[in-house]
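Undergrad: Sequence:
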Amino acid sequence: MDVAAYLISGIVFGLSAGLSPGPLLTLVLTETLQHGSRAGIRVAFAPLITDLPIVVLSLFVIARMSGSSLFMGLISLFGAGFVIYLGYETFVSREAAQAGEGERIRSLRKGVVANLLNPHPYLFWMTVGSPMVIKALHEGMLGAGAFLAGFYVFLVGSKAVLSLLTGRTRHLLRGRTYRVCMMTLGVLLWLFAVVLARDALRFIAS
Numbered sequence: 001m002d003v004a005a006y007l008i009s010g011i012v013f014g015l016s017a018g019l020s021p022g023p024l025l026t027l028v029l030t031e032t033l034q035h036g037s038r039a040g041i042r043v044a045f046a047p048l049i050t051d052l053p054i055v056v057l058s059l060f061v062i063a064r065m066s067g068s069s070l071f072m073g074l075i076s077l078f079g080a081g082f083v084i085y086l087g088y089e090t091f092v093s094r095e096a097a098q099a100g101e102g103e104r105i106r107s108l109r110k111g112v113v114a115n116l117l118n119p120h121p122y123l124f125w126m127t128v129g130s131p132m133v134i135k136a137l138h139e140g141m142l143g144a145g146a147f148l149a150g151f152y153v154f155l156v157g158s159k160a161v162l163s164l165l166t167g168r169t170r171h172l173l174r175g176r177t178y179r180v181c182m183m184t185l186g187v188l189l190w191l192f193a194v195v196l197a198r199d200a201l202r203f204i205a206s
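Reading the sequence shown from the start, the letters are residues 1 to 206 in UniProt numbering.
Calculated directly from the structure, the hints in this document are not laboratory data. A portion of the hints provided could be inaccurate.
Claimed, not checked - Just the calculated beta-carbon pair ranges, DEER-fashion:
#1 138 with 56: 12 to 22 Å
#2 4 with 202: 15 to 25 Å
#3 141 with 180: 48 to 58 Å
#4 187 with 140: 43 to 53 Å
#5 109 with 187: 33 to 43 Å
Since the structure is predicted, the reported quantities are computational estimates derived from the model, not experimental observations. C-beta: ideal position from N, C-alpha, C; glycine also.
Work the whole structure out from these sequences, hints included.
TA: Right, here's the structure in full:
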């Protein structure tokens with residue numbers, strides 16, 4: 001594969017991950033509705049903080065713990081618990097508010113914790129991302145750099161764009177409409193928690 005092929009691969013994987021329904025995307029939307037686009041964009045940037053240790057850990061696991069599922073099961077269980085908490089917080093939200101600097105920092109912190117406890121980044125880097133980077137490194141640094149750049153620009157960028165679009169319509173969400181929207185997002189988070197718990201049981205049982 002040449003550099004352009006690695007770049008295109010990174011863009012495709014990044015866009016797919018950025019737009020796929022999941023706890024982090026739902027959190028981007030809920031934080032945007034509650035506190036505005038800046039808070040949502042802060043959540044969107046969480047992978048840039050969390051993924052370096054995830055990538056390093058994935059490379060280590062591939063080399064040392066190939067075939068082990070207990071670790072993924074534990075990560076899924078912790079993730080399910082945290083997403084249940086996020087769902088409750090969203091479900092009981094009463095009104096939209098402008099975010100101060102403290103709330104924006106908490107928004108980023110929520111995104112970081114949600115991404116660290118979400119098994120999907122680990123699964124991606126253990127099964128797809130790390131092997132792709134290793135293969136690219138064997139052919140040269142440019143290919144690996146192109147894959148990583150394409151992946152993260154479109155992973156973060158797609159979530160940030162969705163936050164901006166949601167923020168522009170936020171002023172239309174008042175009263176009952178806002179409550180229904182937040183309750184729906186809360187239920188979605190609980191559904192994701194069920195999926196994470198199911199995945200945990202499958203990992204542990206395998």
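Undergrad: Look at each hint and say if it fits the structure.
TA: Each hint, compared with the structure:
1. A hinted range of 12 to 22 Å for the beta carbons of residue 138 and residue 56 is consistent with their spacing of about 18 Å.
2. Taking the beta carbon of each, residue 4 and residue 202 are about 38 Å apart, not inside 15 to 25 Å as hinted.
3. Look at residue 141 against residue 180: about 50 Å separates their beta carbons, and that is inside 48 to 58 Å.
4. Checked against the hint of 43 to 53 Å, the C-beta distance between residue 187 and residue 140 comes to roughly 47 Å, which is consistent with it.
5. About 23 Å separates the C-beta atoms of residue 109 and residue 187, a value inconsistent with the hinted range of 33 to 43 Å.
Violated hints for the displayed structure, listed by number in ascending order: 2 and 5.
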